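Turn these sequences into a full structure, and let the hints guide you.
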Amino acid sequence: MMYQIAYLPAARQDLIEIASYISHKLQNPRAAESLALHIINAMDHLSSFPYANPVYTPIRPLRHEYRRLIVKNYIVLYWIDEKSKTITIASVVYYRRDYSDFIKQT
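Under numbering that gives the first Met the number 0, read the sequence shown as residues 0 to 105, first letter to last.
A hint or two may mislead.
[What the hints assert, rightly or not] Estimated spans, in silico, between C-beta atoms of each pair: (1) LYS71 with ASP97: 14 to 22 Å; (2) ALA41 with HIS63: 16 to 24 Å; (3) SER83 with VAL54: 16 to 24 Å.
[What the hints assert, rightly or not] Derived lysine to any residue pairs resembling SDA-like cross-links, with alpha carbons at most 25 Å apart: (4) LYS82 with LEU45; (5) LYS82 with LEU25; (6) LYS82 with PRO53; (7) LYS82 with ILE15; (8) LYS71 with TYR94; (9) LYS84 with PRO8; (10) LYS82 with ASN27.
Read the hints as simulated data drawn from the structure, not as lab findings.
Note that the structure is a prediction, hence the values are computed from the model and not measured.
Glycine included, every Cβ here is placed at the ideal spot set by N, Cα and C.
Pasting the structure below:
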């Protein structure tokens, strides 16, 4: 059974900021578009295989069991709601960024 994919507003904003940074600051709009499409396609693939990625194991318990999808130099953080068959994309972060503070907020 396919899962529905939902995006938190923060995740949508993350993707916009990533593409904007690459397009404007690095002055490479083609790379920005290519990366954004690559990330979106990888997230869409989650609907078929939501459990294919490892669980993020924090020091303290969280409200959700987050999983990490690695796409190039970015990590897509998401959780799965088995009852509603929904995958919620919580954030898209640069892989070297400390995302533990973000996860506490969601």
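A quick look at each hint next to the structure:
| no. | hint | result |
| --- | --- | --- |
| 1 | LYS71 with ASP97: 14 to 22 Å | holds (19 Å) |
| 2 | ALA41 with HIS63: 16 to 24 Å | holds (20 Å) |
| 3 | SER83 with VAL54: 16 to 24 Å | holds (19 Å) |
| 4 | LYS82 with LEU45 | holds (16 Å) |
| 5 | LYS82 with LEU25 | violated (42 Å) |
| 6 | LYS82 with PRO53 | holds (20 Å) |
| 7 | LYS82 with ILE15 | violated (30 Å) |
| 8 | LYS71 with TYR94 | holds (9 Å) |
| 9 | LYS84 with PRO8 | holds (20 Å) |
| 10 | LYS82 with ASN27 | violated (42 Å) |
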